[in-house]
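Novice: Sequence:
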Amino acid sequence: MSRSIPFIALTMAFLTAAPPANASVVEPPPEKVALYPQADDARARIDAALARAKADNTRVMIQWGDDWCGWCVKLHDLCGKDRAISRKLLYDYEVVLVPVGQFDRNLDIAASYEADFKSNGVPFLTVLDADGTVITNQETGSLEKDGAHDPAKVMTFLTAHQATPRDAATSLKQALESSKASGRPVMLHFGAPWCGWCHRLEAWMTEPPVKAILTRHLVDCKIDTDRDTGGKAIFEAYTKGESTGIPWFVFLAGDGRTLATSDGPDGNVGFPSTDGEIGAFTTALKKADPTFTDAEIDTLSKSLVANRKAREAKAKAARDARAAEEAMKKEGA
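Add 55 to the 1-based position in the sequence shown for the working numbering, that's all there is to it.
Misleading hints may appear alongside valid ones.
Calculated pairs, EDC-like style, for lysine to aspartate or glutamate (alpha carbon to alpha carbon, straight line, at most 20 Å) [said to hold, decoys possible]:
(1) K369 with E380
(2) K295 with D318
(3) K364 with D330
(4) K109 with D281
(5) K369 with E381
(6) K287 with E297
(7) K357 with E199
(8) K385 with D375
(9) K341 with D275
(10) K143 with D184
(11) K341 with D310
(12) K342 with D321
(13) K109 with D275
(14) K266 with D353
(15) K369 with E194
(16) K266 with E351
(17) K109 with E262
(18) K342 with D275
(19) K200 with D137
(20) K357 with D330
(21) K173 with D122
(22) K235 with D310
(23) K357 with D222
(24) K228 with E291
(25) K109 with D222
(26) K364 with E257
(27) K109 with E257
(28) K342 with D330
(29) K109 with D186
(30) K287 with D275
(31) K173 with E194
(32) K143 with E199
(33) K341 with D330
(34) K364 with D353
(35) K295 with E262
Just so you know, these hints were derived from the structure itself, not from any lab.
As the structure is a prediction and not an experimental result, all values here were calculated from the model.
Given these sequences and hints, build the entire structure.
Specialist: As structure tokens, this is what we get:
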């Protein structure tokens, strides 16, 4: 249960949000900021966001701008600090910040989406559906009021262009039909936008070696307990209303019979991390589909261990960096 999050947890108010305003000339921000990734491949980040949007039934919002743009900084601050907007973005959008330089960077990407930020200034917004089709291009001057972005106008814009919620019962029905046709059991897993461990599980499931094995044996079906219509009711039906955490998953035969769940000897394994959780997870996999080979189970287990070690190393590096920073402060005092 240690790798799951209580289902009744508070909605997180954080977001790797996005930039603001209507600048067509270079204007220095109040202080130096570093919001827009300068060194990486913007196209690759957009493609990754589209993949997540397809899995989660969300939209991708590209925010064109750059660190020199004071209005971009203002919009970014609004998106991160306004709780309603932050939640809306967390639940319904994948936000991608794309640097425009001095209106001379990523012009090929902008042209492919007909995003005319040269004429309209930045920040400039492009909303895509999960297939990469442009839903709308939006200059942000009309979202301003009294020298700032108007939260009500920004929220109206976001709400108008969000995706239509999925129907959880329909998603499950389609997965069971696919199971009957293919003979592969359904892995029905439940998550929510605020659930970090859910995102870790879903990201792990998309890693190429892992995805290849799981797709060979299972029909994937995700239900979002917060966003999918009827999602919470289906979750409660399978967990029988008992308090549990998410991610939680159940393996189903094509006729709807339960073959195994994520409940191990010590409770819900969530995203398996400890050796005990990994063992319980692979046992459930074999119970759901005995045709998993020992080599496949070994590959999945080693991948989960590597994932855990990478997280531990990252956490240690962060602790060491904080300790070094504190030591430097003490020396300077």
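Novice: Report the numbers of all earlier hints that the structure fails to satisfy, in ascending order.
Specialist: 7, 15, 23, 35
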